[in-house]
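**Q** Could you put together the complete structure from these sequences and hints?
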Amino acid sequence: MGRYRWRAGYAWAENPIDQTPDLAVGGVPLGDLPTVRYTQGLLAITGEHRISGGVGVADVLPGVDLDAMAGGMFRDSEQLGLFTETSVASYWLGLGLTWRFDHRQAESP
Numbered sequence: 000m001g002r003y004r005w006r007a008g009y010a011w012a013e014n015p016i017d018q019t020p021d022l023a024v025g026g027v028p029l030g031d032l033p034t035v036r037y038t039q040g041l042l043a044i045t046g047e048h049r050i051s052g053g054v055g056v057a058d059v060l061p062g063v064d065l066d067a068m069a070g071g072m073f074r075d076s077e078q079l080g081l082f083t084e085t086s087v088a089s090y091w092l093g094l095g096l097t098w099r100f101d102h103r104q105a106e107s108p
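Residue numbers (numbering that gives the first Met the number 0): 0 to 108.
It should be emphasised that the hints constitute simulated quantities derived from the structure, not laboratory data.
All of these numbers come straight from a predicted model, not from anything done at the bench.
Hints may be right or wrong, so weigh each one.
Claimed, not checked - Now the in silico label distances, taken between C-beta atoms and shown as ranges: (1) Trp98 - Gly25: 39 to 45 Å; (2) His48 - Thr83: 21 to 27 Å; (3) Leu81 - Val59: 51 to 57 Å; (4) Pro28 - Thr97: 48 to 54 Å; (5) Arg2 - His48: 28 to 34 Å; (6) Glu84 - Gly25: 44 to 50 Å; (7) Gly26 - Leu92: 37 to 43 Å; (8) Trp5 - Pro28: 27 to 33 Å; (9) Pro61 - Glu84: 51 to 57 Å; (10) Ser76 - Thr34: 19 to 25 Å; (11) Tyr37 - Arg74: 18 to 24 Å; (12) Asp21 - Gly62: 54 to 60 Å.
For glycine and all other residues, C-beta sits at the position ideal for the given N, C-alpha and C.
**A** Set out below in structure tokens:
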């Protein structure tokens with residue numbers, strides 16, 4: 000596609016929350032199950048699915064490439080007890096420049 004580079008991505012991450020925890024977190028005894036579940040909620044990252052896409056343009060200036068991207072993590076939540084729930088979603092945009100010091104003009108088709 001000439002000077003353009005298209006990118007797409009998907010990532011899956013396993014939910015790290017232990018569904019059957021014991022009464023300690025990292026070897027530190029916390030006493031009772033509600034306290035353990037509350038502590039899990041402080042550190043929870045339950046979003047399992049992420050997508051991204053972007054485009055890059057070679058030689059927007061001689062030896063300089065421009066890249067743009069957008070992505071997101073779908074909303075996810077988990078109930079960890081009667082009064083503890085986690086919920087997370089994120090979306091991001093990015094823009095970058097790459098300088099090539101051994102510059103060779105991008106080839107056209």
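**Q** Determine for every hint whether it applies to the structure shown.
**A** For each hint, the structure was consulted:
1. Trp98 - Gly25: 39 to 45 Å: holds, 43 Å
2. His48 - Thr83: 21 to 27 Å: holds, 23 Å
3. Leu81 - Val59: 51 to 57 Å: 55 Å Cβ-Cβ, so the 51 to 57 Å window holds.
4. Pro28 - Thr97: 48 to 54 Å: Because 50 Å falls inside the window, the suggested range holds.
5. Arg2 - His48: 28 to 34 Å: holds, 32 Å
6. Glu84 - Gly25: 44 to 50 Å: violated, 22 Å
7. Gly26 - Leu92: 37 to 43 Å: holds, 40 Å
8. Trp5 - Pro28: 27 to 33 Å: With a Cβ separation near 52 Å, Trp5 and Pro28 fall outside 27 to 33 Å, so the hint is violated.
9. Pro61 - Glu84: 51 to 57 Å: With Cβ atoms ~53 Å apart, the hint holds.
10. Ser76 - Thr34: 19 to 25 Å: holds, 21 Å
11. Tyr37 - Arg74: 18 to 24 Å: holds, 22 Å
12. Asp21 - Gly62: 54 to 60 Å: At roughly 57 Å between Cβ atoms, Gly62 and Asp21 fall inside 54 to 60 Å, so the hint holds.
The structure fails hints 6, 8 (numbered hints given earlier, in ascending order).
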